[in-house]
Amino acid sequence: DAGITQSPRHKVTETGTPVTLRCHQTENHRYMYWYRQDPGHGLRLIHYSYGVKDTDKGEVSDGYSVSRSKTEDFLLTLESATSSQTSVYFCAISESHGDFTGELFFGEGSRLTVL
Amino acid sequence: AQSVTQLGSHVSVSEGALVLLRCNYSSSVPPYLFWYVQYPNQGLQLLLKYTSAATLVKGINGFEAEFKKSETSFHLTKPSAHMSDAAEYFCAVRNTGFQKLVFGTGTRLLVSP
Numbered sequence: 001d002a003g004i005t006q007s008p009r010h011k012v013t014e015t016g017t018p019v020t021l022r023c024h025q026t027e028n029h030r031y032m033y034w035y036r037q038d039p040g041h042g043l044r045l046i047h048y049s050y051g052v053k054d055t056d057k058g059e060v061s062d063g064y065s066v067s068r069s070k071t072e073d074f075l076l077t078l079e080s081a082t083s084s085q086t087s088v089y090f091c092a093i094s095e096s097h098g099d100f101t102g103e104l105f106f107g108e109g110s111r112l113t114v115l
Numbered sequence: 001a002q003s004v005t006q007l008g009s010h011v012s013v014s015e016g017a018l019v020l021l022r023c024n025y026s027s028s029v030p031p032y033l034f035w036y037v038q039y040p041n042q043g044l045q046l047l048l049k050y051t052s053a054a055t056l057v058k059g060i061n062g063f064e065a066e067f068k069k070s071e072t073s074f075h076l077t078k079p080s081a082h083m084s085d086a087a088e089y090f091c092a093v094r095n096t097g098f099q100k101l102v103f104g105t106g107t108r109l110l111v112s113p
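As given, the protein sequences belong to chains A and B, one line each in that order. For the first sequence, the numbering used here begins at 1 and goes up steadily by one. For the second sequence, the numbering used here begins at 1 and goes up steadily by one.
Simulated from the structure, these hints should not be mistaken for laboratory data. Each hint should be verified, as a subset may be incorrect.
[As the list claims (entries may be wrong)] Simulated restraints on C-beta separations: (1) R22(A) / L20(B): 37 to 43 angstroms; (2) P30(B) / G40(A): 28 to 34 angstroms; (3) T15(A) / K58(B): 44 to 50 angstroms; (4) R9(A) / A54(B): 36 to 42 angstroms.
In this text, all values refer to a predicted model and were calculated from it rather than measured experimentally. Yeah, the Cβ is synthetic: ideal placement off N, Cα and C, and Gly gets one too.
Produce the entire structure from the sequences given, and follow the hints as far as they go.
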């Protein structure tokens, strides 16, 4: 199993507060991703990273920022949480050490509720 | 840009019946296609993938999928459903030239005794 840990697993916060979700991997893989899962929308890519300090936007990046200062950690930050950001957030990594193969390994998810 | 469409947000079958979950893709180039499964309160895990080799792809737990270019489809099948197959299934396509996947909206499979 790919060693992926997400924290926190559950969080309830209020509108306007900052929130940071952490994804930690023990596999030294290059690619890391943040998705959000919402009923009727499936999984949508927020941001992804292809190396330390190398990140790019996904399809639903507004209101989110990311940072990757170490290979093993990929942080997702909501600068000012809104109720529309209530969701389940999944981190994923790719085992690709060269070309991207499309095989992702997912963490167990972080459930965020914004009141 | 590549995309996938999953027909039917819910599919119900009886235990022992055929499972058919539909996925159609849109791509201007030969796609890489995937099926992932999500069990309750878990992350997704890879079920099978198509990467332009054999058109019939076999995956874990007895599932298989057939790539049909003429129909732009990649439907997932299993001859005989088991209660443990109850889960949500996602079709996905790799965006050519980009290091990321685009997922469909998912199909929840319900299996009744």
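Mind listing which of the numbered hints don't hold for this structure, in increasing order?
none
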